[in-house]
Amino acid sequence: MEQVIVNGLYLGAQYALIALGLTLIFALMNVLNFAHGQMYVIGGFLVYEIYGRMHWPFVVALFAAAATLAVIGGLLERFLFRTVIRRSLREESTMLLAAGVAYFLDAAILLLFGEKQHGVPKIVRGVFVSDNLIIPYDRVLVACLAILFIVAFVLMMQFTKPGRAMRAMAQDRVAAQLMGVPVEFYSLVGFALGAMLAGLVGGLLVTITGVNSGIGGPISIKAFTMVMIGGAGVVGGAILGGFILGMLESVGLSVLHSYGDITYLAIFVSLLIFLSIRPNGLMGKPWG
Amino acid sequence: MRPTAQALFAAVFAFVLLVIVPWAIRVTHHDDFYYTLSSVALLAIASGGVWLTFYIGRINIGQGAYALIGGYASAIFVVKAGLSFWIAMPLAGVVCALVSVAIGLPILRLRGVYFAMVTLVLTEVARLSALALPITNGAMGITEIPPPGPLGLFGFNLLPSFASFANRNQAFYFLCVVMMMLCFAALYRLVNSRVGRLFAALRQNEDLASSMGLNVPALRVLAYAISSFLGGVGGAIFAAIAQSVYPSSFTVADSINFMLNCFLGGLGYVFGPMLGTLVLYFGWDLLFQAGQYQLLIYSGVMIILMLVLPNGLLSLRFSRKKGA
Numbered sequence: 002m003e004q005v006i007v008n009g010l011y012l013g014a015q016y017a018l019i020a021l022g023l024t025l026i027f028a029l030m031n032v033l034n035f036a037h038g039q040m041y042v043i044g045g046f047l048v049y050e051i052y053g054r055m056h057w058p059f060v061v062a063l064f065a066a067a068a069t070l071a072v073i074g075g076l077l078e079r080f081l082f083r084t085v086i087r088r089s090l091r092e093e094s095t096m097l098l099a100a101g102v103a104y105f106l107d108a109a110i111l112l113l114f115g116e117k118q119h120g121v122p123k124i125v126r127g128v129f130v131s132d133n134l135i136i137p138y139d140r141v142l143v144a145c146l147a148i149l150f151i152v153a154f155v156l157m158m159q160f161t162k163p164g165r166a167m168r169a170m171a172q173d174r175v176a177a178q179l180m181g182v183p184v185e186f187y188s189l190v191g192f193a194l195g196a197m198l199a200g201l202v203g204g205l206l207v208t209i210t211g212v213n214s215g216i217g218g219p220i221s222i223k224a225f226t227m228v229m230i231g232g233a234g235v236v237g238g239a240i241l242g243g244f245i246l247g248m249l250e251s252v253g254l255s256v257l258h259s260y261g262d263i264t265y266l267a268i269f270v271s272l273l274i275f276l277s278i279r280p281n282g283l284m285g286k287p288w289g
Numbered sequence: 105m106r107p108t109a110q111a112l113f114a115a116v117f118a119f120v121l122l123v124i125v126p127w128a129i130r131v132t133h134h135d136d137f138y139y140t141l142s143s144v145a146l147l148a149i150a151s152g153g154v155w156l157t158f159y160i161g162r163i164n165i166g167q168g169a170y171a172l173i174g175g176y177a178s179a180i181f182v183v184k185a186g187l188s189f190w191i192a193m194p195l196a197g198v199v200c201a202l203v204s205v206a207i208g209l210p211i212l213r214l215r216g217v218y219f220a221m222v223t224l225v226l227t228e229v230a231r232l233s234a235l236a237l238p239i240t241n242g243a244m245g246i247t248e249i250p251p252p253g254p255l256g257l258f259g260f261n262l263l264p265s266f267a268s269f270a271n272r273n274q275a276f277y278f279l280c281v282v283m284m285m286l287c288f289a290a291l292y293r294l295v296n297s298r299v300g301r302l303f304a305a306l307r308q309n310e311d312l313a314s315s316m317g318l319n320v321p322a323l324r325v326l327a328y329a330i331s332s333f334l335g336g337v338g339g340a341i342f343a344a345i346a347q348s349v350y351p352s353s354f355t356v357a358d359s360i361n362f363m364l365n366c367f368l369g370g371l372g373y374v375f376g377p378m379l380g381t382l383v384l385y386f387g388w389d390l391l392f393q394a395g396q397y398q399l400l401i402y403s404g405v406m407i408i409l410m411l412v413l414p415n416g417l418l419s420l421r422f423s424r425k426k427g428a
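Protein chains in written order, with this note's numbering: chain A, 2 to 289; chain B, 105 to 428.
For the record, the hints were derived by calculation from the structure and aren't laboratory data.
Glycine is no exception: its CB is placed at the ideal position from the N, C-alpha and C atoms.
Okay, the calculated bits of chain B under chain A, using three or more residues with CB under 8 Å as the criterion: (1) 213 to 223; (2) 357 to 369; (3) 396 to 407.
Partial pick of chain B residues on the chain A-facing surface, computed with a CB cut under 10 Å: (4) F158; (5) I163; (6) I165; (7) I207; (8) L209; (9) L226; (10) E228; (11) V229; (12) S233; (13) L235; (14) L411; (15) V412; (16) L413; (17) P414; (18) N415.
With the hints as extra help, turn the sequences into a complete structure.
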């Protein structure tokens, strides 16, 4: 049982970090970023190339992945999303654009990195063993780093000027603009930051699960699930949703495995029921 | 458009699809086009359903679920219950409509991105259920579905059994195209009826519509049920053409493509999904020569189209008219 809970916490920490980026972009621009999973994959492959193949230090690789994704996110916002939001009659058009970007990144990843599953050498060796608990040290490290990044992100959002500006924009974009917040600039920053978080968690997880070009879509769906559980566009909700999904997955895999591969079916069905009772998730604001 | 012009347009459209296209295919010996065009017609039917949910202001990324349910329902009716395809196909649509009423009543309370994400999850639920339920035969799927039998009405034989056709793909082509024309004619009629106006009112402001005395929950469930019916019919015919259905027959990618077809054609136009499906499907097929760059070019073109024409292909014609 302790093992199940620890696994859940470990999964939850990384899931929460994935959901944070998605919810940030949604909160600031009302864009559902279909390409989030692909950004995660790019982060993973960059770390694989720099740390796994070129044997540079892991920290350098992680930093490079985060910086690259931030640049990609910024460019996407500046040249694609901003233009389409301005020209389109309906807000939903950004979804087509996001789906197009997701396909594009998928194709680019496949061309650049191939279709093989890749792993990297462990960052820390050794396994922690006690009476009823087995945890590899690298998982502990990754979970701690994930929690560190989450805390840093929350502190940034709460106590710095850009953080305040972005929270104001999430509440009411027009009002924020009237108060003198440069909303276009902070949209760019927010998108870059969201993409950076995706790249960061991709780079962290490549050390444990490895990476292949096909996992982008499933990661996006998981991220959507977490955001729905917690409530779209709310930082606290994303973190909560991440930990809840991690826990559900861990418990489900251990309890339901005798009935076959139905953990995710059970999670999705209970999600549908939950959302029909509480449409905004746990902490969401009404109607996104 | 005046009624005479409408009828003329419809007649020309039907003539092109039923006479000119088959003739062109025979002259050029491109028999594989029958299959391609049948697929386009079926995907257009399902996309038409998605378009209707867009029309009431909901982003529907769950049509793949209903296409899958429709495919399985008709396959089970034909293989396990021994029904004729001609009964199983509409029944499959009805099954989907009933399922969508049960699911739609709660989830249609969600709006915007929330609804979109729930429908996306719905597609995954359908696929996982097809894998887990005993009646769907798991990952093996249902195979060797017999081709449609003879169609009779009041003792008259309207159509012989599909098995007796020399060119079965041609027969399916006619079936699909006729179904597509029927579905879109019905959609066009629906949108231009009183109910269609009410649907448009829902899109603009549900609270206001409710204050005018409209039964908003009933109307949006109605639209969603019609949408799912179309998805189910499309899926049912697809299963008949492929003679098999698997959990992976319709996935999240298909659901997203249905939505893209609507976007590309233009959300403001009934026939948008038809054009969008044709362009996207053929665009994809034509790019086959590009080999490994297929997806890259395809999505690149899609992004560029989105930048240049964010309101859909059909908006081109209308914006020009406005300027003139």
